[in-house]
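Given chain A, put chain B in place with the hints provided.
Letter by letter, the chains look like this.
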Amino acid sequence: MYFKIFEAADGGYKDAAGKTYNLVGCNNAYTPKGKNEGWTQYADEAAAAVVFGITPSEQTPKADAI
Amino acid sequence: MLNLINDKLKTGLSEISLKNARLCAAWQIPSGWPDIRRNIVAGQGINLLATSLNGTYPNLGFTAAVTGGYSVYIDGVKYGDYASSAQCSLVWASYSATAGYAITSPAACTAHIIEIRPQSAGAQINTFKCNRVASSGNEQQGILWAHFNLSNHITLTFGFFGYDSYNNPLIQAITSATGELLCDSCPGFVGYGANYAAAYLAQYLKYVPALNMPNATGSSWAESKFGNCPLVILKNITNLATDFSGIFMYNAGLKKIALINCDTSRVSNWNNAHHYCVSLSNVPKEYNFASATAMANFLTFDTALQDTNLDVSAASGLTKIGCYGSAALPMRGFKGLKINSSAPFTGSAPQINVSYTGMVRAALVELFNELPTVSASQVCQITGSTGAADLTAADLAIATAKGWTVSA
Numbered sequence: 001m002y003f004k005i006f007e008a009a010d011g012g013y014k015d016a017a018g019k020t021y022n023l024v025g026c027n028n029a030y031t032p033k034g035k036n037e038g039w040t041q042y043a044d045e046a047a048a049a050v051v052f053g054i055t056p057s058e059q060t061p062k063a064d065a066i
Numbered sequence: 067m068l069n070l071i072n073d074k075l076k077t078g079l080s081e082i083s084l085k086n087a088r089l090c091a092a093w094q095i096p097s098g099w100p101d102i103r104r105n106i107v108a109g110q111g112i113n114l115l116a117t118s119l120n121g122t123y124p125n126l127g128f129t130a131a132v133t134g135g136y137s138v139y140i141d142g143v144k145y146g147d148y149a150s151s152a153q154c155s156l157v158w159a160s161y162s163a164t165a166g167y168a169i170t171s172p173a174a175c176t177a178h179i180i181e182i183r184p185q186s187a188g189a190q191i192n193t194f195k196c197n198r199v200a201s202s203g204n205e206q207q208g209i210l211w212a213h214f215n216l217s218n219h220i221t222l223t224f225g226f227f228g229y230d231s232y233n234n235p236l237i238q239a240i241t242s243a244t245g246e247l248l249c250d251s252c253p254g255f256v257g258y259g260a261n262y263a264a265a266y267l268a269q270y271l272k273y274v275p276a277l278n279m280p281n282a283t284g285s286s287w288a289e290s291k292f293g294n295c296p297l298v299i300l301k302n303i304t305n306l307a308t309d310f311s312g313i314f315m316y317n318a319g320l321k322k323i324a325l326i327n328c329d330t331s332r333v334s335n336w337n338n339a340h341h342y343c344v345s346l347s348n349v350p351k352e353y354n355f356a357s358a359t360a361m362a363n364f365l366t367f368d369t370a371l372q373d374t375n376l377d378v379s380a381a382s383g384l385t386k387i388g389c390y391g392s393a394a395l396p397m398r399g400f401k402g403l404k405i406n407s408s409a410p411f412t413g414s415a416p417q418i419n420v421s422y423t424g425m426v427r428a429a430l431v432e433l434f435n436e437l438p439t440v441s442a443s444q445v446c447q448i449t450g451s452t453g454a455a456d457l458t459a460a461d462l463a464i465a466t467a468k469g470w471t472v473s474a
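Chains as they are written, first to last, in the working numbering: chain A, 1 to 66; chain B, 67 to 474.
Since the hints were made in silico from the structure, they are not lab data.
Hints are not guaranteed to be accurate.
Restricting the straight-line Cα-Cα distance to at most 27 Å, the calculated cross-link-like pairs of lysine-lysine (BS3-like) are [stated by the list, open to error]:
hint : chain 1 : residue 1 : chain 2 : residue 2
1    : B       : 468       : A       : 35
2    : B       : 404       : B       : 321
3    : B       : 322       : B       : 404
4    : B       : 401       : B       : 468
5    : B       : 322       : B       : 401
6    : B       : 468       : A       : 33
7    : B       : 404       : A       : 35
8    : B       : 321       : B       : 401
9    : B       : 351       : B       : 321
In this text the structure is predicted, and so the values were computed from the model without any measurement.
The following block holds chain A by itself, in its conformation from the complex (with noise of 0.2 Å):
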């Protein structure tokens, strides 16, 4: 799956400054400068959200997860 990490307030992610995210998959993202461009592959959302260095915030509801 193909993934990528947005600011938002109400996100279901935050990093280690606590700023908070919304964390995006989709099996291909479709964007205005071509398939995939600009997202990155995981194996799963776990797998991104150690990359991305986020972890799942505590408020919910969890913000566009899917």
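Using the frame of chain A, we list chain B on its own:
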């Protein structure tokens, strides 16, 4: 059986369908419970059925505001007189004046009928609110059933729960002799634990009367919550509400929302409004989204939705909308989303999320056609939607040409 159907019908047969009324029958007085509606002071009384559940819920505290003060009776025996807004505190371990009633639901235990009456003839209780007896902490109390027989408006803000103070996790029904409560503010029936953790409170709440709020002030209905009530009726909420965020979220039993003379045209915040309403069959047609700006998690994991096409085209200021399920909880009853082609969609990504819905290719293409042109890497997420795999390159180009990323 509690005649809740008739209670509901009193609110206006023409207003509430019989189908809706039948939903009210989801709660019956459990066998063996005393009927607390008897002997209540007509037009002036509040009766409670409460238990310590064998010491699990050791205290019960509440206040009532009424001119001339109020009296409290337990099982028909006077317990005390209180000034208006003074707190009545009960410590069940030290109470023995009456034997109470042996009940078997929710477990074998003793319950007591608590009557709250104005001391002055004709006086009216205009505020009721539980209060913590303990000096600190979140005190769980054991109200099983609350019945109102009032002819006046009442304020029930934090009536049965306060976030860090008290809650009544066993409460099954809040009933009214008239079938409705005239509330002057958003009532507090149930709540959640810190950070909405799994501590779901008042999961047994199956019935609340219609909430009639013609005089209400205040703008927020955020996180109102109605336990597991299958039917919620809101009446005369006009010209006030701007915040409906989380109003019904986590109500797993909610099947039907009935809005009677309610104006939601000022509601801007609809975030989480129907999050995890897994029994909800449809979205009220009466919703007016003219002022909607935030609709994140608006309809999420609502797996019982039926043939729902959501039209938010009036929301010209919309920044984000989420109507989606998951692989485990697909929301196939969600069939279409109509948006405003001038909406900014400047919220956090994904600005539009219709993942794991029943939107077929034609519905997705229709959505793409309505997308506005954007410039901030906006994302439209369609992962797992019914038609996602059927989209052609040309279909996807409709969205990408306008600056959108389609995550499929």
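Each hint tested on the structure:
no. : hint              : in the structure
1   : 468(B) <-> 35(A)  : holds, 15 Å
2   : 404(B) <-> 321(B) : holds, 23 Å
3   : 322(B) <-> 404(B) : holds, 22 Å
4   : 401(B) <-> 468(B) : holds, 23 Å
5   : 322(B) <-> 401(B) : holds, 19 Å
6   : 468(B) <-> 33(A)  : holds, 12 Å
7   : 404(B) <-> 35(A)  : holds, 26 Å
8   : 321(B) <-> 401(B) : holds, 18 Å
9   : 351(B) <-> 321(B) : holds, 14 Å
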